[in-house]
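A.B. asks: Protein sequence lines, in the order shown, are assigned to chains A and B. Following our numbering, the numbering of the first sequence begins with 1 at its first residue and continues without gaps. Following our numbering, the numbering of the second sequence begins with 1 at its first residue and continues without gaps.
Watch out, some of these pointers could steer you wrong.
As the list claims (entries may be wrong) - Distance condition first, Cα-Cα at most 35 Å in a straight line; then the derived DSBU-like pairs of lysine-lysine: (1) Lys434/A to Lys234/B; (2) Lys135/B to Lys120/B; (3) Lys419/A to Lys71/B; (4) Lys62/A to Lys252/A; (5) Lys159/B to Lys419/A; (6) Lys419/A to Lys118/A; (7) Lys131/A to Lys80/A; (8) Lys252/A to Lys294/A; (9) Lys26/B to Lys120/B; (10) Lys159/B to Lys434/A; (11) Lys434/A to Lys120/B; (12) Lys294/A to Lys336/A.
Said to hold, decoys possible - Residues of chain A placed beyond 10 Å of chain B at every Cβ, according to the derived structure: (13) Ala35; (14) Glu50; (15) Ser103; (16) Arg355; (17) Ser383; (18) Glu384; (19) Ser392; (20) Arg393; (21) Asp396; (22) Ala400; (23) Phe408.
Claimed, not checked - Partial selection, computed: residues in chain B whose CB lies under 10 Å from chain A: (24) Arg190; (25) Val191; (26) Gly248; (27) Trp251.
Note that these hints are calculated values from the structure, not bench results. Every residue, glycine too, gets a C-beta built ideally from N, C-alpha and C.
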Amino acid sequence: MSQQSVEFTASLLKADGANVEHSTEDWLKSCQLDARTHFEKCPLPTTSEEEWRFTDLTGLYKSTLTPSALDTPIDPSVVKSFLIPEASSSVVLVNGVYSPSLSTVSSAQTKIRVCNLKSALNDAQLKVSVKRRLNSLEGDGVSGFCEMNTALFKDVVVIHADSNGNSFETIHILNISTGKHTFNHPRLLLIAEEQARVCVLEDYIGIGGFGYMTNAVSELSLAAESQVIHVKLQRDDDSAYHIAHTHVGIDKGASYQNWSVSVGAVVSRHNLVTRQREDGGHIAIKGLALGHDKRIVDMHSCIEHTKPHGQSIQVHKTIAGDRSKIVFNGKVKVHKGAQQTNSSQQNRNLLLSARASVDTKPELEIFADDVKCAHGATVGQVSEDELFYLKSRGLDDDLARNLLNYAFAKEVIEDLPIKSLGAVIESYIRDQTKI
Amino acid sequence: MIIKNAATILSVHNLVASIDGTQILKGFDITVKAGEIHAIMGPNGSGKSTFSKVLAGHPSYTVDGGTLEFKGQSLMDLEPDERAKLGVFLGFQYPVEVPGVTNGSFLRLAYNTVQGARGKDELDPLEFDDFIQSKLSLLGMDASFLERSLNDGFSGGEKKRNEILQMAILEPTLAILDETDSGLDIDALRVVANGVNTLHGDSDAVVLVTHYQRLLNYIEPDFIHVVDGGRVIKTGDKSLAHELESRGYEWVLDENRSRAA
C-alpha cells in the first residue's frame with residue numbers, strides 16, 4: 001500500500017516535471033520548490049495513517065495519471081449551464097488554469113478584486129498581501145496533498161475584498177476537469193480585509209473528464225469584522241478522485257459561514273480547518289454528503305478556538321445508500337485560555353441500505369474550563385412511521401422515501417444564501433437517493 | 001344516515017391480525033354502507049386502533065385470516081398508497097411530524113397523486129392555492145399552515161385539524177378517524193366535527209374510533225360497535241353510546257361473557 005503511494009507520488013512529479021513553470025518571483029519559486037522537496041520525502045497518505053484510515057485511495061494510487069492539457073477546447077454553452085444568476089463575477093478554470101474567455105469578471109467596482117496569480121503579482125499592493133498569505137496554511141490537517149498542490153499548482157485564483165458597505169457580492173469559481181486520468185491542482189486565495197463582505201461559491205465539475213484527480217487547496221484569511229460566506233459544491237464526475245484542503249483564519253469579530261456539499265466523485269476527502277486567530281469570531285459550518293454506488297465521502301473538519309469568546313456551530317448531514325461509505329471526523333479544539341467559547345456540533349447520518357456504512361467521530365479537545373461545547377452524532381434509517389404516514393396519503397414508496405430523504409437534507413440547504421443552488425442540490429438528492 | 005339499498009363500502013369478516021407474533025384482532029366483523037357513520041368504541045387495548053391501522057395497511061401488522069373488502073375489492077395485498085388512491089383514508093391518532101416537508105407542497109403532492117390515480121386533472125401550485133382556500137376556512141385554519149413543516153411543532157389541535165384538512169382534499173369514500181377527538185378542546189372539537197359533517201355525504205362513509213361519547217354529540221353515528229378482545233361484541237344505535245357513557249363498558253363485557261358461557 002505504502003509502496004503504491006510512493007510510486008504514485010514519484011510518477012506525478014515525473015509527469016509534471018517537464019511542465020514546471022516557475023515564477024520569476026524568488027519567494028514563490030522557493031515556496032514551490034520547498035513544497036516539492038517536502039512532498040518527495042513525504043509521500044501521500046494511505047489507510048495505515050490514523051487520519052486517513054477510512055479514505056481508501058488504492059484505486060487512485062494504482063492509476064497512472066498525466067498532467068491536464070492546458071488548452072482543452074470547451075463548449076461555452078455547456079459551461080453556461082452551470083453558471084448561477086447570483087454571481088457578479090464568474091471565474092472559470094479549466095483543469096486548474098484560468099480561462100479568460102469563459103470567465104466574466106465584473107469590473108464595475110473596485111472593492112473586490114478577482115484575478116489570477118499573474119495579475120495579482122503585477123499589482124504592487126496586492127502582491128504584498130498575496131506574498132503574506134499564500135501558503136500560510138493554518139492549524140493542523142495539512143497532508144502530503146497540500147504540499148503536492150503547492151509544488152504543482154499552475155495558477156491561483158486571488159480574491160481580495162475591501163470593505164464595501166453591507167452588500168454581499170457573489171463570486172462563482174467554476175473548476176472544470178476535462179481530462180481522462182489527468183490531475184490538476186486548483187488553488188484559491190481569499191483575503192478579506194477589515195469589514196469586507198463577500199460570498200464565494202467554489203464549484204467542481206467534470207465535463208468529459210474521467211478518472212481524473214482534483215487536488216484543491218483553498219486558503220481564506222478573514223480580517224477583523226469581515227464576513228465571508230463560502231460554499232463548496234463538489235460535483236465532480238462519479239469516476240473522479242477529489243481531495244480538498246480548506247484552511248481558514250479568522251480575526252477579531254469576523255464571521256465565516258461555510259456550506260460544504262459533496263455529491264460527486266468516487267472518492268472524496270475534504271479537510272476543513274478553521275482557526276480563530278483573535279478574540280471573538282463566529283464560525284458556522286453546514287455539511288451535506290451523499291453516498292451512492294460505491295462512493296467514499298470523507299469529511300474531516302477541525303475548528304480551533306485559540307482565543308476567548310469564539311463561537312462555532314456545525315451541522316453535518318449525510319445520506320448513505322447502496323454500498324457507499326461515509327466518514328465524518330469533527331474535531332473541535334479549545335485551546336488553553338480560550339474562555340467562554342461556545343461551540344456546538346451535530347452529525348446526523350441516514351442509512352438507506354444494509355450495505356452502506358457510516359463512520360462518525362466527534363472529537364473534542366478542551367483545555368479551557370469556562371466553555372460550552374455540545375456535540376451529538378446519530379446514525380439512523382428512514383422512520384417506518386413517517387413512511388406509512390406519507391404512503392397512507394397516496395404517495396408510493398419511492399416518492400415517499402425521496403421526500404423523506406430530501407426533508408432530512410433540507411436543514412442543511414434551506415438557508416443557503418445562493419438561492420438558485422437550492423434547486424440544483426435538490427435534484428442531486430433526488431437522483432442519488434433513489435432506492 | 002342509513003340509506004335503503006345503499007352500496008356496501010366496507011365489508012370485514014372474521015379478520016385476524018397480529019403484531020410481532022401477538023394476535024390483536026381475533027375475528028373482527030363490520031359492514032359499512034354508503035351514507036353511514038359508524039362509531040367503534042371499547043376499552044384500552046381492545047384492538048380499535050389496530051383495526052384502523054390494518055385497514056390502512058400498516059406494515060407492522062400481519063393479517064392471519066378473514067376478509068377485508070372495500071367496495072367489493074380485497075384490500076389484503078394492496079400497499080397503503082394503493083388503498084389511499086382507491087379512497088380509503090386514515091385520520092391518525094398521532095399524526096407523524098415530518099420536519100423539512102412543507103405542509104402545502106405535501107398536500108398538493110398527495111392531492112395530485114390521488115387525483116392522477118383516479119383519472120382526474122392535477123392542479124398546478126396556483127390552482128391548488130385557490131382550491132385549498134375553502135378547505136382551510138372550513139377548518140378555521142389560515143394560510144400560514146401551508147408554509148410550515150408537516151405537523152412539525154403543531155399543537156394537538158392543529159395536528160387533528162390538519163388530518164381533517166387532508167381528508168377534505170383527498171375526498172375519500174371511506175374515512176376512518178382514529179381518536180380524532182383526543183387532545184381537542186371543546187372549540188377545536190366543534191370545528192373538527194363540523195368539518196367531518198360537512199365533508200360526509202350519501203356516497204361515502206365515516207368510521208369513528210373513539211373512547212368517549214363526547215365526540216358523538218357532534219358527529220351523530222348510525223351504528224355503534226363495542227370492541228373487546230379484538231372482536232365486535234355488541235352493535236347498537238346511538239343510544240348505546242349514552243348507555244356506555246353512564247354505565248361504562250363493564251356491563252357489555254359481562255353480557256358478552258355470560259353469552260359465551
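A.B. asks: State for each hint whether it applies.
C.D. replies: Comparing the hints with the structure gives:
1. Lys434/A to Lys234/B: violated (48 Å)
2. Lys135/B to Lys120/B: holds (19 Å)
3. Lys419/A to Lys71/B: violated (48 Å)
4. Lys62/A to Lys252/A: violated (45 Å)
5. Lys159/B to Lys419/A: holds (31 Å)
6. Lys419/A to Lys118/A: holds (33 Å)
7. Lys131/A to Lys80/A: The given pair, whose Cα atoms are some 33 Å apart, holds under the 35 Å limit.
8. Lys252/A to Lys294/A: violated (43 Å)
9. Lys26/B to Lys120/B: violated (39 Å)
10. Lys159/B to Lys434/A: holds (30 Å)
11. Lys434/A to Lys120/B: Distance of about 27 Å is within 35 Å: holds.
12. Lys294/A to Lys336/A: The given pair, whose Cα atoms are some 42 Å apart, is violated under the 35 Å limit.
13. Ala35: The claim stands: Ala35/A keeps its Cβ more than 10 Å from every Cβ of chain B (closest is about 44 Å).
14. Glu50: Glu50/A clear of chain B: closest Cβ-Cβ about 35 Å, beyond 10 Å.
15. Ser103: The assertion about Ser103/A holds, with a minimum of 36 Å to chain B.
16. Arg355: holds (22 Å)
17. Ser383: violated (8 Å)
18. Glu384: violated (7 Å)
19. Ser392: violated (5 Å)
20. Arg393: At about 4 Å from chain B, Arg393/A fails to clear the 10 Å cut-off, so the statement is violated.
21. Asp396: violated (5 Å)
22. Ala400: violated (8 Å)
23. Phe408: Check fails; 6 Å does not lie beyond 10 Å.
24. Arg190: Violated, because the Cβ-Cβ distance from Arg190/B to chain A comes to roughly 25 Å (cut-off 10 Å).
25. Val191: Constraint on Val191/B not satisfied, violated at 21 Å.
26. Gly248: violated (32 Å)
27. Trp251: Given a least distance of 36 Å, the restraint on Trp251/B is violated.
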